[in-house]
Amino acid sequence: MLNSVELDNFGPLQHLRWGKLSNINLIIGANSSGKTFLLKALYCSMRTLEEYQRGNDQRTAAEILADKLYWTFQADKIGDLVTKNADSPLACKIKVDSREFRYSFGRDTTKSITSLENHVPPRTSNSIFLPPKEVLSLQNIILKSRDVDKEFGFDDTYYDLAKALRTAPTRGKNHAHFAKARESLEDMFDGKVELDSKTNRWQFKKGNQKFPIGATAEGVKKIAILDTLLGNRYLSKESVVFIDEPESALHPVAISRLIDIIVSLADSGIQFFIASHSYFVVKALYLAAQKHQMSVPVLSFVERWSADDLIAGMPDNPIIDESIRLYEEEVELALG
Amino acid sequence: MTISFVESGMSFGPYAVDEVFPIEQSPLYKHLGQGLMIAEFVLIRPGRGESEEVWVIEAKSSAPRVFGEYVDEIRQKLTNSVQLTLASCLKRHPHAADLLPARFLDLNLGACAFKCILIIKGFRKEWLPPLQSALAKEMKSLVKTMGFNPGSVSVINDDKARELKLII
Chain A
3 MLNSVELDNF
13 GPLQHLRWGK
23 LSNINLIIGA
33 NSSGKTFLLK
43 ALYCSMRTLE
53 EYQRGNDQRT
63 AAEILADKLY
73 WTFQADKIGD
83 LVTKNADSPL
93 ACKIKVDSRE
103 FRYSFGRDTT
113 KSITSLENHV
123 PPRTSNSIFL
133 PPKEVLSLQN
143 IILKSRDVDK
153 EFGFDDTYYD
163 LAKALRTAPT
173 RGKNHAHFAK
183 ARESLEDMFD
193 GKVELDSKTN
203 RWQFKKGNQK
213 FPIGATAEGV
223 KKIAILDTLL
233 GNRYLSKESV
243 VFIDEPESAL
253 HPVAISRLID
263 IIVSLADSGI
273 QFFIASHSYF
283 VVKALYLAAQ
293 KHQMSVPVLS
303 FVERWSADDL
313 IAGMPDNPII
323 DESIRLYEEE
333 VELALG
Chain B
31 MTISFVESGM
41 SFGPYAVDEV
51 FPIEQSPLYK
61 HLGQGLMIAE
71 FVLIRPGRGE
81 SEEVWVIEAK
91 SSAPRVFGEY
101 VDEIRQKLTN
111 SVQLTLASCL
121 KRHPHAADLL
131 PARFLDLNLG
141 ACAFKCILII
151 KGFRKEWLPP
161 LQSALAKEMK
171 SLVKTMGFNP
181 GSVSVINDDK
191 ARELKLII
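Going down the list, the sequences are from chains A and B.
Mapping of the first sequence onto the working numbering: residues 3 to 338, in sequence order.
Mapping of the second sequence onto the working numbering: residues 31 to 198, in sequence order.
Certain hints may be false.
[Claimed, not checked] Distance ranges between label pairs, derived from CB positions:
1. B/Asp189 / A/Ser325: 17 to 23 Å
2. A/Asp323 / B/Leu120: 32 to 38 Å
3. A/Ser6 / B/Gly177: 25 to 31 Å
4. B/Asp189 / A/Asp192: 28 to 34 Å
5. A/Ser308 / B/Leu139: 48 to 54 Å
6. A/Lys113 / B/Val96: 57 to 63 Å
7. B/Gly63 / A/Pro134: 55 to 61 Å
8. B/Gly98 / A/Ala219: 38 to 44 Å
9. B/Ser171 / A/Ser6: 24 to 30 Å
10. B/Asp189 / A/Asp189: 40 to 46 Å
Everything labelled a hint here was simulated from the structure, so no lab data went into it.
Model, not experiment: these values are computed from the prediction.
Here a beta-carbon is modelled for each residue, glycine too, at the ideal position from N, C-alpha and C.
The following block holds chain B by itself, in its conformation from the complex (with noise of 0.2 Å):
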């Protein structure tokens, strides 16, 4: 069974239902309540060999029109989507394991990679690297503290994304 569903003027999946996390939608989330930024939703990806990588997906259908506070609203997005997801698999929240899709909860945390990604509708491929320099360096006290790869944060447009069959 698959999913698919439009965020931000973009067709993403289809997805297999139980490897993508809607953790805007999810009642993990709501019950948060108000005041708490969080990103599209996660997915689960094959990544290299037999390892699992888990995609915090953060979609944009504008440019920055404030740097900072745009770059700072990203980073609070997928830092709280980041933390939000592994308090869930490790079951600290009531209900994780009813609410999270089956998936998630088999990962081994311990040795799947994270990968942040913000994409950005119909964004001029010239302006992804410095954009991407700057979240990587908001970014960077999440990736160190939480040991992922350096290069984990990644800021793609809608071409890339297709690419990736991320967005059909």
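Bound conformation, chain A alone (with noise of 0.2 Å):
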């Protein structure tokens, strides 16, 4: 579990401290304030931390994390990352499992990271990140565009994931958080999404008939992806699943619904982070907080990021304070 992280200098994110974490977490901010670039930080390393001595793997830690930086973030050479007129290096410090893990780069880097340090043993999980867009369609073209054409477009992010949903299903029993949290996504749909074998394409099954993944509804292919994660065991108590917009292509109820199995898979062991807009997504994980008394922590930017706790009540955030603006706009058309 990552239990806290500190960042310096890491492109938008000048200086940023998030201790105390929990299972389920939370990131909301405006439009470029750095929460996709804050789960895509934490993603690096939590892959790097679960790719090293794996297997006949012989890279070493920093090997590993130049390349996941460079295809995730997709820049000219790693030293872009750092910020902008920073008058030191760009330094990551996380702690999993209460191990220290950190490194530090300035921006003169193109690919080979000097300082590291790694005190967290070789993990056998995956950690997995969700991206806005549902990747089913785009499968095969985001290998090919990887593997084959070797191309910046799709980042690691998107890649990863692809790889990751091309791992057969597993048989046998599941463990039961994720049977009970596959059962209710797929209730969500009445139907589930799986790959046909003879064509190598994703389709939607609904009772006895078929539909072609283009033809599939994007919240359906979204909700099908975690389905799928936890069907195929990549995912396992020990992931980190990071998620960029869970509200993307979802309708509001689907979306209290998504929150409830995130509640449920977290209580598994699961740690989930969640980058929102959505003031359904942040009520929602609110409500879930104070019903089961769990600590929630919340990283909101408003000029500068601070940290709270969803279980101490809503902190102040431009999310809330836009509905309230459009319910005085509505007010004052309706009865102004």
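Hints in hand, dock the two standalone chains.
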């Protein structure tokens, strides 16, 4: 589990401290405040720790990290990630299972990270990043673009997800929480998405009917991704799941149900980091925190980053402020 | 013995006499002089388990016209009512023991939950959530400093108030 994070001069994140992390963690802020950047930075670190010493991979942690940063942020050189005009290097320090992982590099760094310290033992888990857009209908294009053409375009968050979805479903009894979550996910749209082994194409199965993935609703495809990752055992109880804008393509009712499922999966051990703009996501997580008396640390950006916890109440944030402004506008139109 | 009354076009009650503190009509409030806004009444309700809850009620028959002023007015009324109720229970005001309904004197002030509730007659349900968010935001400092639960501020309409048996 990721316990804390400290970032300095990491792109738009000049000075960020976030501790006492829990199984569900929320990041809110306006466009370009750096929410996705933060998720990606954490994802790169987690994947480095997970790929390090796996199987016969002989790469050092520094090599894995440099590769991950390069393909995730797709800058010409990783030194470009250092905050412009910063007078000190980019530095990242995280604690995972109470052990420290830290690295730093300057703006002239092309691909070799010389300062890296890792005290986290090798991990067998797989963490994943779920981007706002679904990837099922683009899976083959993403894989070709990266495996064959080696081109920028689809970053590592998309590429890793496309690869993870390729893992065949595992038969046998799944973890009880996971099995229940899959039932709930499939219930949401009264059907499930499966890979047709003959055509190697995804399709949506509803009762006896089958629909091509291109004709399937965006929200269904999005939910199907989580369902598939639980079904093929890519995710385990030690995984960290980064979700960027879970609300995209989802109806508010589906958002609330998805949050319920996330709460149940978090209870089984999976750790979630969620970046959101949505009133419904924030409110549903606030209610979950109150109902289950569960800590949900929230990092919000209003002029600067500040850390709160939804168990202690709703933090001041522009999402709520905007909902109030719209309310005022509506009352003015109706009664003014 | 019970009490019922009409406020903002809604028929409140019946409540047991010793469980309702008509704070706006009370000498405890009137002796404080003008310029202090106050809610309609305070009610003791059974809470979950064995604990009791103190509900501070403000009733309105109209929707906000000037939003910021409306929310601030409600905040002042509810905040003043919480503070005056607590101060009276602690007998900080002269004659508080004689003027407070009996059950209020037995409240476990350290343990009972406080709920601040605004009831608006005829208010459309879809308008309630943002108003609740706005009022909760305004009242956050009271909720935090008093150690109330985060969800202690509610805005409801008369349908919900009837469902809660606050009005008939």
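24 to 30 Å as the expected CB spacing between A/Ser6 and B/Ser171, which holds or is violated: holds (28 Å)
Cβ distance range 38 to 44 Å for B/Gly98 and A/Ala219, holds or violated: holds (41 Å)
Range hint 48 to 54 Å (beta carbons of A/Ser308 and B/Leu139) holds or violated: For A/Ser308 and B/Leu139 the Cβ distance comes to about 32 Å; the hint is violated.
Holds or violated: 32 to 38 Å for the Cβ distance of A/Asp323 and B/Leu120? Hint holds: Cβ distance 37 Å, inside 32 to 38 Å.
Against the range 40 to 46 Å, how does the distance between the Cβ atoms of B/Asp189 and A/Asp189 compare: consistent or not? violated (31 Å)
Between B/Asp189 and A/Ser325, does the C-beta distance stay in 17 to 23 Å? holds (22 Å)
Does 57 to 63 Å hold as the CB distance between A/Lys113 and B/Val96, or does it fail? holds (60 Å)
Tell me if the beta carbons of A/Ser6 and B/Gly177 are separated by a distance inside 25 to 31 Å. Taking Cβ atoms as reference, A/Ser6 and B/Gly177 lie about 27 Å apart, which means the hint holds.
With 28 to 34 Å as the target window, see if B/Asp189 and A/Asp192 comply at their CB atoms. holds (32 Å)
Assessment of proposed distance window 55 to 61 Å (beta carbons of B/Gly63, A/Pro134): holds (58 Å)
In summary, the numbered hints that this structure violates are 5 and 10.
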